Structures are given as C-alpha cells and as structure tokens.
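Engineer: If you read the protein sequences in the order shown, they are chains F and A. In case it helps, the numbering used here puts the first sequence at residues 1 to 358. In case it helps, the numbering used here puts the second sequence at residues 1001 to 1158.
Calculated directly from the structure, the hints in this document are not laboratory data. From a predicted model like this one, the values you see are computed outputs, not experimental measurements. We put the CB at the ideal spot given by N, CA and C, even for glycine. It cannot be assumed that every hint is accurate.
Stated by the list, open to error - Interface residues of chain A toward chain F, partial, derived using beta-carbon atoms under 8 Å:
(1) Ser-1008
(2) Ile-1010
(3) Leu-1017
(4) Gly-1020
(5) Met-1021
(6) Gly-1025
(7) Tyr-1027
(8) Phe-1028
(9) Val-1034
(10) Ile-1035
(11) Thr-1143
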Amino acid sequence: MYSLHAITHSIQDWLSARLSPVWVLMIESIIVIVLAIGLFAVLGLILVWLERKVAAHMQIRLGPNRVGPAGIFQTSADTLKLILKEGLTPDGADKFLFNFAPFVVMIVAMLALAPIAFANGFQIWDINIGVLYVSAISSLSVIGILIAGWASNNKYSLLGAMRSGAQIVSYELSAGLSILTIVVLTGSLQISDIVHAQQNGWWLFKGHIPVVIAFIIFIIAATAETNRAPFDLAEAESELTAGFHTEYSGMKFALFFLAEYINIFIVCAIGATLFLGGWMPFHIGDWAQFNHVMDYIPSSIWFFGKTFFLIFLIMWFRWTFPRLRVDQLLTLEWKYLLPISLFNLLLVTVIAIMNWHF
Amino acid sequence: MFIKEYISEIAKATKSLWTGMRLTGHYFVRPKTVITQQYPDNRDTLKMADRFRGEVIMPHDADNLHACTGCTACELACPNATIKVITKFELTPENKKKKALDTFVYHLDMCTLCGLCVDACPTGAIQMGQNFEHSVYDRSTLTKKLNKPGSKIREGVE
Ligand code: SF4
Ligand code: SF4
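Construct all of the structure, not just a fragment, from the sequences and the given hints.
Structural biologist: Structure below.
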C-alpha cells in the first residue's frame, strides 16, 4: 500500500541533517500549523457551501448559485463580508471573557485534530491514548460555549450556553461508551492500531449487530455534541435568537461558526476511523485479489470519502428532523441511549472475549 | 410489558425518522423536483398560477368596450377605500338619463389584493390581474384609472 511515511521521513531526515533538534521541532511545528490552518480554512469554506447546497436540495430549492459556478465562491464572499464587519463588544459584557471565548472554542477544535490519521502515515501526533485524548478534548469545547454565554450578559446567550452544557455533558456519556466498544474490540486506544485492526474488514461489518448499534448511537451523540439540529437547542434561532453567540458579530462570530464545522469534521473523522476503517481501503477478509484492487485508491481519498459520507448523513438529519424539546433531549439520552449503550458494551465485551468477531 | 413497550417505542421512532429521511433523500437525489423560479432570468417564460392576484384590472374588448355599469358595488365592498367610482349621466337614444361610468379610480398603493371587489361586481367588469412588478419611484403613479380613454359600456350589460 502506498504510504506517505516516505515523504514525512525524508523531510524529517533532511531537516535534522542540517539543523539542531530544537529548530527541527520548530520548523516541523510551523509546517503542521500551516497545514492545519489551511485545512481549517478550506474545510470551513467547503462545508458551509455543502451544507447550504444539501439543505437547498432537500427543501426543493437551488441554494447559492450566483457567485461562481454553482455558487462555490459564495462562502468566500461571506467570509470577506464577515472580516470587514465590526467586531462589537456589548457594554455590559465581561470584556476579557467575551473576547476570549471564540478562541477557546477554536483552539479546542484545533487540538482535537492532532491524533487524526488523514492518510496512511500522515498523522500529526500518534499518541497511545488517541481516542481518549479526542473525547477529552472535545468535551472542553463546552467551556468555551459557557464562557461565551456567561460573558455576553444576555439572557438568551446564558440560556443557550446552559442548554449546551446539559446537552454535551449528557451525550458525552453515550459517545464515550460507543467509542469504548471499538476500543474493547481492538484492545488499543491508539488511532493507528485501530485503523490497522480493520485491515481485514471494517468494524462496522466485522462486529455484528452490536457494533452497528454502537455506530448509530455514536452518530446520534456526535450530532448532539456538535450542537446541530435536531439537537440545536443551544442556538435555537426561533427561541433564543442565536443562543450563546447572540452578541457576537464579525470575525468573532465567524470563529464560532468555523469551529462548529470543524467539530463536525472531527467527530465524523473519528466516526469514520473507528467504525469505517479510517484511511483503510475497503477490504473483505482474505480476498487478496479484491483487497489489492482496492489498495490502488489512495488512502486519503478513502478517509475523506468516509468522513464526508458521515458529514452528509449528519446534514441529512439536520434538514429532516424537527428540534427536540429540552426534556425530550434528556429523555432520549438518559432513558434510551445510555442504557442501550451500556448493554451493548457488555455484548461487545462478550464478543471480544469469545473472539466471535471476524 | 415494560420491555416490549420500550422496544416497540424505539422501533416506531426509527420508522418515523426513516420516513422523514426518505422524503428529504428523495428530493435530494432528484434535482428535477426543485421548484425555485430563477426570476428575473426567466422573466420571459415565467408563468404565474391562475389564482395569483397581482392587481385589479378592468378588461376591455377589441372595440374598447368594458362591462362596468358604474353601480359602485365594488367601491362599497372594498375594505380599504381603494376604489373610487366616479359616475356621470348619459342620455339614451330615447332621451332618458342613464347612470354610466366616468372614471374608475384605483389606488394600487392601498390595495391588499383581497379580491372582494371582484366578487362584489354584478357584471364581472373587473378581475385580478397577474402583473406583480409594481415598484415605482413615485408613489402617485400608483393611482390608476382603469377604464381606458374613450371606452364605453358594452351593449346589453345592465
Ligand atoms: S382587492 Fe380588495 S383592497 Fe383591492 S380594491 Fe379590491 S376590495 Fe379593495
Ligand atoms: S366594476 Fe362592477 S361593481 Fe364596480 S362599479 Fe363597475 S359594475 Fe359596479
């Protein structure tokens, strides 16, 4: 299989032959930062455009179609508009926290990017607790949202932030438990191990029905954790104006908006890695011939294909389902998802111990 | 039983969610179902629905004849005083005086397009037109005279 190891290693060797280790680290960090920010910008532009197009076609509309072919430059124009706008800070707001919150949300989104494997041998940081790291980091984003809601000194913002807190804290549980099912099956928290364990088939197919259930629960919890409809109570434009970012404008608002889409990308990337094999091509058991043909498709295409498939699924949810009430939201989590995922985890553990999976 | 109810509830919820997703998915994969009208690009081919109400018009036939008797029923029916029917007296061939329409004043800027005047007219002299491009720079141009100059009432309309 083609691997990007060669490229990354040659850069590493080339640098360390010429510079001291400190400088090598610095330069590599700069490369990573530039790549990450580039990815963020491109992802933001593409995902917003995609969302608007998907939404439009599901509602029998056309969506943006004036700026560039099929409206592809609409989001760039919108970004330009947001940059030119004034970043207002309300008089009654806690100035420091108010301006700090968008960065917290954004930095958390950036941090969660670290252990994701984008292609074979293309990963920023392959730590041995990768999955744990991602779930720990992604629950930090609620702090940014709470800060934003509190510092705005606006009842809508505060209500939105509180709802978001209740929601993320609850859904973290079932997301964590469904991630655990895969960890139990693989026996490792490291992303690269999880991907390699799916060499002979993705967990979604290898793990029988319990893994399918875990996958469905994960998708539901991921939708809730990213505050998207039908779980968008934190923003709920019809009840709370815009929830926790009511008072934000200009680029500060854009950071929240961008962070939302980056978070979607990250949870979908995690879902794709855990259940659909990450960058691993579609392999069936030991059909060497078939697997070999599949290997010709580059691993990054597999990764992005799967991730965008999950993103599409989440967009499909958003434009189909009505918003839940806050009590329904908590009922769904505590009475349905949590007991089911606990029971499911037990089943998966039995499967893993008895070696019943393929 | 509790467990049975629990599971059937989940099954029902899944089914209804899937029904919704099937519908939106159906629209998503069929771009032909899009109903967006790309106005003003398609201005020449744009076709409004029959029931669309854009303004009140008074149709005239080829001989410049209309069907308005000047009875003012429309003026009375209008909730906004949008219509002002100015009448005159004409002499019939038998030298009798007869009420006739002089000017039909229509204030488009006050009209809510409710269509009550059309319903009230006993002779069907006015209708709802389909034109909707009414924006102008001067509000006074929205006060219109609906009967054309030199027009007369059609023979036989009472
Ligand atoms: S449509 Fe309604 S508001 Fe307009 S002129 Fe007729 S009765 Fe009056
Ligand atoms: S338009 Fe109809 S209702 Fe109005 S004055 Fe003429 S005949 Fe009477």
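Engineer: Please name the hints from earlier in the document that this structure breaks, with their numbers sorted from lowest to highest.
Structural biologist: Structure breaks hints 1 and 11.
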